[in-house]
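Spelled out, the chains give:
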Amino acid sequence: MNEGTPVFKSWSTAWLLLLPTVVILVIFLYYPALQSFVLSTYRSNLILGTRRFIGLDNFRQLFTGILAPMYRQVVLQSIVFSASVVILGLIVSLAFAMLANQKVTGSRVYRLLLIWPFALSPAIAGTIFSFLFNPQVGEVNQVLSRVLGIAPRWLDNPLLAFGLVVGAAIWKELGYNVVFYLAALQNIPGELSEAAAIDGANAWQRFRAVTLPLLSPMTFFLVFTNLAYAFFEVFGLIDILTKGGPVGPSALHLDNAGLTTTMIYRLYQDGFGGNGSLGFAGAQGVILLLLVGLITVLQFRYGGRNVHYGGG
Amino acid sequence: MKRTVILFSLLAMLGSMALAQTKIDFFEAFSTQRLQWIQDRAAEWNKQNPNYEIVVTPKASYREVLNAAVLGARQGNPPALVQLFEVGSQQAKDSGLFIPVGKIPGNFDTSDYIKPVLDYYTIDGTVNSIPFNSSNAVMFVNDAMMKKAGLDPANPPKTYSDVVNDCAALRAAGDTQDSCMTFPLHSWFFEQWMAEQNAPLVNNDNGRGGRATKVLLTSQPALNIVNWIKELNDKGYYTYTGKLENWNGSEAIFTEGKAMFHIDSTSEVNAITKAGKDGGWGATTAELPIADNAPREGVVIGGASLWIAKGVPQDVQQAARDFALYMTNTQNMISWHKLTGYFPVRISSVNQLDKEGWFRDNPNYAVAFQQLLNTKSSPATAGALMGPFPQVRTIIEEAIQKVLNGASVDSAMGQAEKLADQALQQYNSNFQ
Amino acid sequence: MAARTASAVAPVRSQRRPRTRWLIHILLILSCLIVTGPILFAIIKATQTTAQVLSPSMIPGTELWHNIKTAWQSADLGIYMRNSLIIAFAVTLGKTVLSLMAGMALVYFRIPFKPIVFGFILLTLMMPTQVLIVGLFDLVSKQAPPTWVALLSWITNPLAPTPYGFNWSNSYWAIIVPFLASATGVFLFRQHFMSIPLSLADAAKIDGAGPMRFLLSILVPMSTNTIGALAVIQFVYVWNQYLWPLVIIRRTDRQVVQVGLNLIISTGQDTEWGLVMAGAILALIPPLIVFMLLQEQFMRGFALSAEK
Chain U
54 MNEGTPVFKS
64 WSTAWLLLLP
74 TVVILVIFLY
84 YPALQSFVLS
94 TYRSNLILGT
104 RRFIGLDNFR
114 QLFTGILAPM
124 YRQVVLQSIV
134 FSASVVILGL
144 IVSLAFAMLA
154 NQKVTGSRVY
164 RLLLIWPFAL
174 SPAIAGTIFS
184 FLFNPQVGEV
194 NQVLSRVLGI
204 APRWLDNPLL
214 AFGLVVGAAI
224 WKELGYNVVF
234 YLAALQNIPG
244 ELSEAAAIDG
254 ANAWQRFRAV
264 TLPLLSPMTF
274 FLVFTNLAYA
284 FFEVFGLIDI
294 LTKGGPVGPS
304 ALHLDNAGLT
314 TTMIYRLYQD
324 GFGGNGSLGF
334 AGAQGVILLL
344 LVGLITVLQF
354 RYGGRNVHYG
364 GG
Chain R
318 MKRTVILFSL
328 LAMLGSMALA
338 QTKIDFFEAF
348 STQRLQWIQD
358 RAAEWNKQNP
368 NYEIVVTPKA
378 SYREVLNAAV
388 LGARQGNPPA
398 LVQLFEVGSQ
408 QAKDSGLFIP
418 VGKIPGNFDT
428 SDYIKPVLDY
438 YTIDGTVNSI
448 PFNSSNAVMF
458 VNDAMMKKAG
468 LDPANPPKTY
478 SDVVNDCAAL
488 RAAGDTQDSC
498 MTFPLHSWFF
508 EQWMAEQNAP
518 LVNNDNGRGG
528 RATKVLLTSQ
538 PALNIVNWIK
548 ELNDKGYYTY
558 TGKLENWNGS
568 EAIFTEGKAM
578 FHIDSTSEVN
588 AITKAGKDGG
598 WGATTAELPI
608 ADNAPREGVV
618 IGGASLWIAK
628 GVPQDVQQAA
638 RDFALYMTNT
648 QNMISWHKLT
658 GYFPVRISSV
668 NQLDKEGWFR
678 DNPNYAVAFQ
688 QLLNTKSSPA
698 TAGALMGPFP
708 QVRTIIEEAI
718 QKVLNGASVD
728 SAMGQAEKLA
738 DQALQQYNSN
748 FQ
Chain H
158 MAARTASAVA
168 PVRSQRRPRT
178 RWLIHILLIL
188 SCLIVTGPIL
198 FAIIKATQTT
208 AQVLSPSMIP
218 GTELWHNIKT
228 AWQSADLGIY
238 MRNSLIIAFA
248 VTLGKTVLSL
258 MAGMALVYFR
268 IPFKPIVFGF
278 ILLTLMMPTQ
288 VLIVGLFDLV
298 SKQAPPTWVA
308 LLSWITNPLA
318 PTPYGFNWSN
328 SYWAIIVPFL
338 ASATGVFLFR
348 QHFMSIPLSL
358 ADAAKIDGAG
368 PMRFLLSILV
378 PMSTNTIGAL
388 AVIQFVYVWN
398 QYLWPLVIIR
408 RTDRQVVQVG
418 LNLIISTGQD
428 TEWGLVMAGA
438 ILALIPPLIV
448 FMLLQEQFMR
458 GFALSAEK
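Protein chains in written order, with this note's numbering: chain U, 54 to 365; chain R, 318 to 749; chain H, 158 to 465.
The set of hints was computed from the structure by calculation and includes no laboratory data. The structure presented is a predicted model; accordingly, all values stated were derived computationally and were not measured. Take these hints with a grain of salt, some might be off.
Unchecked claim - Capping the alpha-carbon separation at 30 Å, the derived lysine-lysine pairs in BS3-like fashion look like this: (1) K594/R / K271/H; (2) K475/R / K627/R; (3) K299/H / K340/R; (4) K627/R / K364/R; (5) K655/R / K271/H; (6) K364/R / K226/H; (7) K420/R / K410/R; (8) K410/R / K299/H; (9) K627/R / K672/R; (10) K552/R / K575/R; (11) K340/R / K410/R; (12) K655/R / K475/R; (13) K420/R / K735/R; (14) K627/R / K271/H; (15) K226/H / K62/U; (16) K340/R / K465/R; (17) K362/H / K271/H; (18) K340/R / K364/R; (19) K410/R / K672/R; (20) K591/R / K226/H; (21) K299/H / K62/U; (22) K552/R / K410/R.
To be verified - Covered stretches of chain U (chain R as the covering partner; in silico rule of three or more C-beta atoms under 8 Å from a C-beta of chain R): (23) 73-86; (24) 93-103; (25) 203-211; (26) 249-257.
Unchecked claim - Partner residues aside, some chain H positions facing chain U, computed with beta carbon under 8 Å: (27) I225; (28) Q287; (29) R457.
No residue lacks a Cβ here, since even glycine has one placed at the ideal position from N, Cα and C.
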C-alpha cells in the first residue's frame with residue numbers, strides 16, 4: 054500500500070491543490086463554529102435581538118441549577134441512543150451484508166432493494182413511521198392485534214417510543230452501512246475462510262477468527278460515521294416522530310425531559326424552537342462537540358489497537 | 318419603420334418604469350387550500366394596486382414564520398407583513414421589529430371587530446395587529462355512541478363531573494373498546510380551562526397590566542384541571558397519541574369513530590362534521606365542559622394575527638395594512654370562514670351570515686359562536702401575555718404528561734411552576 | 158490475493174445444498190420486506206384520499222394522478238425539485254473536484270505537518286449544521302464590507318459578532334458555496350489514492366508528466382468508482398438538506414425540495430396526507446435515478462483496504 058511517499062516536489066502546487074478545500078472549510082465551517090463558541094458565553098436572544106456577555110453562566114445553568122436534571126437526562130439519553138444506534142445498527146447491517154453477499158440468483162436485485170432507503174429524507178421517513186406506528190390506527194398495530202392480540206403504545210409509552218426512534222434511525226442508515234460492509238466483505242479472499250474450514254473450524258469460529266478481524270478497518274470507519282449520524286443527524290426524524298417526547302417514567306427518575314430528546318434536539322429547541330436563546334443553545338453545542346470529540350478520541354485510542362489491516 | 322420601433326421601445330421602457338413595483342413580502346403559515354385562498358386575495362389586491370406586489374411565502378409553522386421574520390430583520394430586509402401566532406404577541410412587541418397597526422398613519426377603524434378577539438391583540442390600549450384567523454376550543458360529540466351509552470346527545474356534559482359520569486355510563490353500557498374522551502395534549506386547552514374559571518395564567522393581570530413574573534401553575538384552578546385529566550386517565554377514559562400537541566392524531570381517533578367526546582379547535586368543525594356524516598354516526602358540537610362550580614367566564618382566542626414590520630418605508634407599511642384590511646374585510650371573512658371554519662372576526666360578517674341563515678343550517682358553528690360571544694371581558698379571558706410562552710407551553714404539556722405517566726399532580730405542577738418561573742426570569746433578564 | 162481463486166480446495170459455496178439456498182432466499186426476501194416496507198406503504202398511501210390515508214386501509218385508491226398533479230403544480234413541487242437539482246449537481250461537481258485536488262495533494266506531495274492538515278480537514282466532520290447555523294447565517298446573509306478597511310478590521314477581529322457577510326440571501330450561492338468542500342470526499346480519495354501502487358506515479362514522473370497530467374490522465378480514470386460512489390452520497394446529502402435552506406432561503410422561487418415538501422404538511426389540521434405521500438414519492442425519484450445510474454460505482458467505490 055502506498056503510504057504517501059511524496060512523488061511530486063512542488064510545494065506551491067500542493068498548496069494550490071489544497072487551497073480551495075481549506076479556504077471553504079475555514080470560512081464556512083471553522084469561522085461559524087468559532088462564532089458559536091463565542092456566542093455560548095453570551096445571553097443572546099434571537100427574537101429580541103439582544104446580546105450580553107455573561108461568561109460561563111450558560112454552562113453553569115446547564116450543570117447546576119434548576120435545568121441541570123433535565124440536561125443530565127438529555128446527555129444520558131443521547132449517549133444511550135447513539136450507542137444503541139451504532140451497535141445494533143452495525144450488527145444488523147453486517148448481517149444483511151453477509152446475506153446479500155451470498156452467491157444466489159437475483160443477488161443484484163436483493164442488494165439494490167436493501168440499500169436504497171438511505172436516499173430517503175429523515176423527515177419523510179419520520180412521517181411514514183409515524184403513520185405506521187400510530188397506536189390507534191397504524192398498520193403495524195392492526196397486524197399485531199390480529200396476529201398476537203397486542204397493540205403496543207408505540208408513541209405513548211416513553212420506552213417504546215425510544216425504541217421506535219432507535220429502530221427508525223437504524224433503518225434509515227441501513228443502506229449506507231450495508232454498502233460499506235458489502236464492499237469490505239467482497240474484498241475478503243475466500244481461501245482464508247476455506248483454509249480455516251479445512252482446519253476444522255465451524256462457521257461461527259471462522260466468522261470470529263477470519264471475517265471479523267478482516268472487517269475491522271471498515272467497522273472502525275462505520276462506527277465513526279454512525280456516531281456522527283446518531284449524534285448530529287437524527288434531528289429531523291425525532292422532530293416528526295415524537296417531537297422529543299414523551300416524558301420518561303418518573304419511577305426511573307427520567308421524567309425531567311422527553312425520553313427521545315437528544316442533545317441536538319434540545320439544542321435546536323432552545324435556539325430555534327420559539328425561545329430564541331441563542332447563547333444557551335450555543336453552550337449546548339459546545340458541550341455536544343466536546344462529548345463527540347471525546348468519544349472519537351477514545352475510539353481512535355482503543356479501537357485503533359483492534360484494527361487489523363492487510364489481508365493479502 | 319425605424320421611428321415606430323424607437324417610439325415603441327421608448328413607450329415600453331416608460332411603461333415598465335411606471336410599473337416599477339415594490340414587493341411586499343407576506344410570510345404566513347398556511348399551505349395548500351388556505352394558502353391558495355390567500356394567494357387569490359393577494360392577486361386581486363395586486364391588480365387594484367399596480368405599484369405594489371404582495372409576495373406570499375408559506376412557512377412550515379408559526380414558529381418558522383417568527384424565526385424567518387426575525388432573521389429577515391437581522392439581515393436588514395424584514396418582511397413587511399407577517400402572520401404571527403397569538404402566543405408570540407409579547408415576543409413580537411418586545412422585539413421592536415413591528416409597528417402597532419394602530420400607530421400607522423391613516424384610517425384604521427376597529428369598531429367592527431368582535432370584542433374578545435380585539436381584546437387579545439390590544440396591549441396597553443394600542444391595537445398591535447390585525448386579527449385574521451381566530452378560533453376557540455369546542456367539544457365534539459359522537460351522537461351514535463352517546464345514544465348507545467344510554468345518553469342524550471342533545472344533553473352533552475357541562476362540567477368535569479358530568480364527563481366522568483357519562484364515561485362511566487359508556488363503560489356500563491358494555492363498550493370497553495372505545496375511548497370516552499380524547500384531545501391533543503396541548504397547553505391551549507389548559508389555558509381555555511383556566512379562563513373559564515376566571516383564573517389568570519400569569520400574574521400582573523395575566524401579563525397585561527405589567528410584565529409577567531410568575532406563572533400560576535399551582536393555583537387551585539390549575540390543579541382542578543390537571544386533577545380532572547388525571548382522573549380521566551386513571552379510569553381509562555382518556556386517550557391520546559403520546560405525542561405532544563398532536564392535533565391530527567387525536568382528531569383521527571375521533572373521526573375514526575373510536576371516541577365519544579373530542580375537544581378540538583373550531584377551525585375543524587367542517588372536517589369533523591363531514592367525517593361524522595360520512596361515518597354515519599353524526600358529530601355535534603357542545604360547549605367546553607368546565608370545572609365544577611366554575612363561573613363559565615368564557616374562552617380565549619387562539620389562532621394568529623397580522624403584524625406589520627417597522628423596518629420598511631411608511632408607504633409600504635400603509636400598503637401592507639391596506640392589503641391586510643382587504644383580506645379581512647366583511648365579504649372575505651365570510652368566505653374565509655366558510656372555507657376554513659375560523660371565526661369571521663367582524664361583527665358585520667357575523668350579522669350577514671346570520672341573515673343568510675348560515676347558523677341555522679350549520680348548528681355546529683352556532684354553538685361555537687355562542688361560546689365566544691358569551692365570553693365576559695376580563696384579564697383571564699383576554700388571554701395571557703408572556704415572553705417565553707412557547708417554552709412555558711411545553712413545560713405545562715410535559716407536566717401533564719408526567720401526571721399521565723403516574724406522577725402526583727402536586728409535584729408535577731410544582732416542578733412545572735419552578736421551571737416556568739425560571740423561563741420567565743431568563744426572558745425578563747434580557748431587559749436589564 | 159483475491160486473484161488466486163482457483164485454489165486446491167474444492168470451493169464449498171457453489172455446492173450449497175438446496176435447503177440452505179432456500180433459507181438464504183427467504184431471509185433475503187424478509188430483509189428486503191422490512192427494509193422496503195415503509196416505501197411500499199408510502200406508494201400505496203399516495204394513491205389514496207386524505208381520509209383513506211388516515212385510516213389503516215392498505216387498499217390502493219384512485220387518487221394517484223390527482224395527488225401527483227396537485228403536488229407538482231399547486232404545491233410548487235416542480236419548482237422546488239428544479240432548484241434542488243441545480244444545487245445538487247453544482248455541489249456534487251464542486252465537491253468532487255475540490256476533494257480530488259486535496260486528496261492528491263495529501264498523497265503525492267510533501268507537505269509540512271501533513272497529519273495536522275489532514276486532521277484539520279477531518280475535524281469538520283464533527284461540525285453539524287445545527288451548531289453552526291447562527292454564525293453561518295450571519296456570514297452568508299449580511300451586507301458586504303463597504304471598504305477594504307472594514308474588511309481588514311473584520312478579519313483581524315474574528316471573535317466579534319459577524320459584522321459583514323456575502324449578501325447571498327435567497328440565492329443559489331448561499332446553498333452551494335458553503336458546501337463545496339468535503340471532508341468525507343478528501344478522506345475517501347486519499348484512501349483510494351493510497352491503495353494505488355506507487356509504481357504508477359513513479360512511471361508517470363519518469364515520463365515527464367507533471368502533477369496535473371498525472372491527475373487528469375491517470376488518477377481520475379482509475380478513480381471512477383470512488384467518484385461515482387462519492388457522487389451518490391453527496392447528491393443524496395444535498396437533496397435531503399433541510400435546516401440550512403429553511404433558514405437562508407426567503408422565497409418560493411429558490412426554495413429546495415425538502416423544505417417545500419414539509420410545507421405540504423399544513424399548520425392547520427387540513428393536511429392532505431395523500432398529497433404528502435405523493436410528494437414524498439416524487440421527491441424520492443431523482444436520488445433513486447442517480448443511485449441506479451451509478452450503482453456499479455457505488456457498490457465498488459468503497460473498498461477501504463486492498464484494492465480491486
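Quiz item: K340/R and K465/R: Cα distance at most 30 Å?
Solution: violated (58 Å)
Quiz item: Can the restraint linking K591/R and K226/H be considered satisfied, given a maximum Cα separation of 30 Å?
Solution: holds (25 Å)
Quiz item: Is it true that the CA of K410/R sits at most 30 Å from the CA of K299/H?
Solution: holds (24 Å)
Quiz item: CA of K364/R to CA of K226/H, is that 30 Å or under?
Solution: holds (28 Å)
Quiz item: Measuring from the C-beta of I225/H to each C-beta in chain U, is the shortest one below 8 Å?
Solution: violated (16 Å)
Practice problem: Starting from K594/R, check that the Cα of K271/H is at most 30 Å away, please. | Solution: Outside the cut-off at roughly 73 Å; violated.
Self-check item: Verdict on chain R covering the region 249-257 of chain U, where coverage means 3 or more residues with a C-beta closer than 8 Å
Solution: violated (count 0)
Exercise. Please work out if K420/R and K735/R have their alpha carbons no farther apart than 30 Å.
Key: Violated: K420/R and K735/R sit about 38 Å apart, past 30 Å.
Exercise. Would you check the hint for K552/R and K410/R, treating anything up to 30 Å between C-alpha atoms as holding?
Key: Distance of about 44 Å is beyond 30 Å: violated.
Quiz prompt | Q287/H as an interface hint toward chain U, with CB separation required under 8 Å | solution = Holds, about 5 Å.
Quiz item: Do the alpha carbons of K475/R and K627/R lie within 30 Å of each other, as the hint requires?
Solution: violated (46 Å)
Quiz item: Taking a Cβ-to-Cβ distance below 8 Å as contact, does the region 73-86 of chain U have at least three residues touching chain R?
Solution: Contact hint for the region 73-86 of chain U vs chain R: violated, 0 residues under 8 Å.
This entry does not satisfy hints 1, 2, 5, 9, 13, 14, 15, 16, 19, 21, 22, 23, 26, 27, going by the numbered hints stated previously.
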